[in-house]
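Chemist: Given chain C's structure and the hints, the job is docking chain Y onto it.
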Amino acid sequence: MAVFPRRRLAAVALVAATALLVTAGCGGGDDAEGDGPITLTVDVFGQFGYEQLYQDYMAANPGVKIVERGTGTNLDEYSPKLTQWLAAGRGAGDVVAIEEGLMVEYKANPNNFVNLLDHGAADLKGNFLEWKWNAGLTADGKQLIGLGTDVGGIAMCYRKDLFEKAGLPTEREAVSKLWPTWQDYIATGEKFVAAKTGASFLDAATNTFNTILLQTAGNTTGYSYYDTSDNLVVDSNPAIRQAWDTTMDIVDSGLSGKYGSWSEEWVSAFKQSKFATIACPAWMTGVIESNAGTGAQGKWDIAKVPGNGGNWGGSHLAVPKQSKHQAEAIELAKFLTSAKGQIGAFKAKGPLPSSPQALDDPAISGATNTYFSGAPIGSIFGAGAKSLKPVYMGPKNQAVRTEVENAVRTVELGQRSPAQGWTDAVTNAKKAAAK
Amino acid sequence: MTVQLDARPPAAPATGPRRRSTGRLSRLDTRYSPYLYIAPFFLLFAVFGAYPLVYTFWVSLHDWDLLGTDHPFVGAENYTRLLADADFWHALVNTMGIFVISTVPQLLAALWLANLLNRGLRGRTGWRMAVLVPNVTSTAAVAIVFGVLFGREFGMINWMLDLVGVDAIEWKSNRLASWVAISTMVDWRWTGYNALILLAAMQAIPRDLYEAAAIDGAGRARQFWSVTVPMLKPTILFCTIIATIGGLQLFTEPRMFNSGTNPIRGGPLRESQTLTMYMFENAFAPHYNFGYGSAVAWLLFALIAVVAAVNVLVLRRLGGSRPGARKGVTR
Chain C
145 MAVFPRRRLA AVALVAATAL LVTAGCGGGD DAEGDGPITL TVDVFGQFGY
195 EQLYQDYMAA NPGVKIVERG TGTNLDEYSP KLTQWLAAGR GAGDVVAIEE
245 GLMVEYKANP NNFVNLLDHG AADLKGNFLE WKWNAGLTAD GKQLIGLGTD
295 VGGIAMCYRK DLFEKAGLPT EREAVSKLWP TWQDYIATGE KFVAAKTGAS
345 FLDAATNTFN TILLQTAGNT TGYSYYDTSD NLVVDSNPAI RQAWDTTMDI
395 VDSGLSGKYG SWSEEWVSAF KQSKFATIAC PAWMTGVIES NAGTGAQGKW
445 DIAKVPGNGG NWGGSHLAVP KQSKHQAEAI ELAKFLTSAK GQIGAFKAKG
495 PLPSSPQALD DPAISGATNT YFSGAPIGSI FGAGAKSLKP VYMGPKNQAV
545 RTEVENAVRT VELGQRSPAQ GWTDAVTNAK KAAAK
Chain Y
21 MTVQLDARPP AAPATGPRRR STGRLSRLDT RYSPYLYIAP FFLLFAVFGA
71 YPLVYTFWVS LHDWDLLGTD HPFVGAENYT RLLADADFWH ALVNTMGIFV
121 ISTVPQLLAA LWLANLLNRG LRGRTGWRMA VLVPNVTSTA AVAIVFGVLF
171 GREFGMINWM LDLVGVDAIE WKSNRLASWV AISTMVDWRW TGYNALILLA
221 AMQAIPRDLY EAAAIDGAGR ARQFWSVTVP MLKPTILFCT IIATIGGLQL
271 FTEPRMFNSG TNPIRGGPLR ESQTLTMYMF ENAFAPHYNF GYGSAVAWLL
321 FALIAVVAAV NVLVLRRLGG SRPGARKGVT R
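Sequences listed follow chains C and Y, in order. Using this note's numbering, you'd call the opening residue of the first sequence number 145 and step up by one each time. Using this note's numbering, you'd call the opening residue of the second sequence number 21 and step up by one each time.
Next comes chain C alone, as it looks inside the complex (with noise of 0.2 Å):
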């Protein structure tokens, strides 16, 4: 009887402990590195194409394992998690990816990652285009956020196996002759959907619409929702009209095929062959291959863009402050944005390199993809990368962009008019803004 409450008293600490134990067990976890090699984590989105050089550089550095999260999920997943992770000061991988419509936001808090340039950096300058370098530089140009990973040089993939059922010419050469401007594009979208073939022109209003915003915004203005002074222009930059007008044309005509980029419909409409052309920037090329999938190899081809070039998407690489193994992290970084780093890339999954000798290189010059039957993704890529005139994104680039996308998917699935989808994405894009 004596013992009972002496139990009972040790019960009670068994629970009090417990209890402490329960509450502060979300606080550990962290990877406590004995001598064993470290962890680099590498954030990204889409397909990258690092899985080689990840084996290449782990068999030079034997203290270093690297795992990469986020393949294929879409910018949409992505950043929001990136945000997160910074925000909460954990959580975020020792490299991570930004695209290029996000790295305003980011550079706009420079406290959350390393300052490249007190890592040797600015030694690395001639390794990139101009602009491509100043991107990844904050406004006052004394922080190095990120080294530049690829551009986004546009041309238009095409199924070869549906131009013919269409009776159109199927060789690229002939094919990019087709169409000079839109304009023609959009007649021989018309011939292509008289001969019912039983696929779309093209997969979604949306992408054209980025992709005629960026190349005419390139070639005037230089600027798209935002002017250079950070001031919205949505109603009043003529390149955003000027592709509203002519992407309204594509849908008056019924050429797209309706599949919300990115949606599972989309990557279905993929598998199906439900659509004969896509606008593809360079890293559009790898997402290609994973969603038609290995059967439709060699029913693809790639011309030129209607228009005269552009550049949509490219990212760079930056470490964040949070990262425990900043030094490793900033050399693994150094060494995916290297030249070979870009090139191991472009071969892999497309994305076009952002460094000159990279885009020199004959490795580059004259890469071709059997995926796309065997067409000279180097040249017809890279000719017009040194010379793309760069888009300046403004601070709620990505808000904005979203709210006039959705415009867009409106007036092409009947919800809205012309007209009215474009006072929706004016008023929504000012909202957007002022949040």
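Simulated from the structure, these hints should not be mistaken for laboratory data. We put the CB at the ideal spot given by N, CA and C, even for glycine.
Covered, in the sense of this in silico footprint (three residues per stretch, anywhere, with C-beta under 8 Å from a C-beta of chain C), are these stretches of chain Y: (1) 87-96; (2) 166-172; (3) 283-296; (4) 302-314.
Modeler: Quick look at chain Y alone, frame taken from chain C:
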């Protein structure tokens, strides 16, 4: 020791030579250890419930850029802006719409299912387990599968509609259709769960009530409505409140239902954007406005409290309007 009941102070400790020291300890023990026993819940609640609640409220009073370092205090500005925000009200209507068209059929179906399971079926346990299976599957997986089923062009539902000569329905870009599609996901997942809870309550209803009702000449349907349902009222109330909380916080199903660029909008015209999605859209991508998102979270909290209270009142009133039935049963 003899039988010791819970929730009673333990029997007085036996007297002995060391009585003084152990006695004091055990008095302390008697007085305080019950609090320690229940402390884990409250500690956990304080950390994971109360603190986030208060912190969210604090954030909602600031202009808080998720990545920014400065968070100026703006008072109720986020709330006043929110109340004038058409997209907020739009999301509210979506949430309530999906909630109503999912919860009502769900609870009715659960009641019906529970009644069936309550009969003398062969392999009863198997059937009862089976209704819970949808609840065990991952919400995200369910949403993805249903999202594909409800596809515009490649979806099975539209394909089947086509077989019977019905035109394809734009499940994702038609507001009402998207509500229905999302409701089917919710129902598929939660009907069995509610049915089991109702079944447990049904089994606690004394058999003699049914015998008495049968002697009075009540058929199966009459027994169901006049005996089973009134006796289940507290359980139905419980299920309704749980469904309210879940329904108004609906996120995964509509989020996964919408794929493609910026799925958090629930479609280009926000057809199926719920309040939690709107909260996410503002607090995280693409706006990163943590203060505004927190204000949405707090209004959602208030809304759930109001709707739950209305549920309780309505269900009480329903019971009160049929005093005869109720008294006849409980006596």
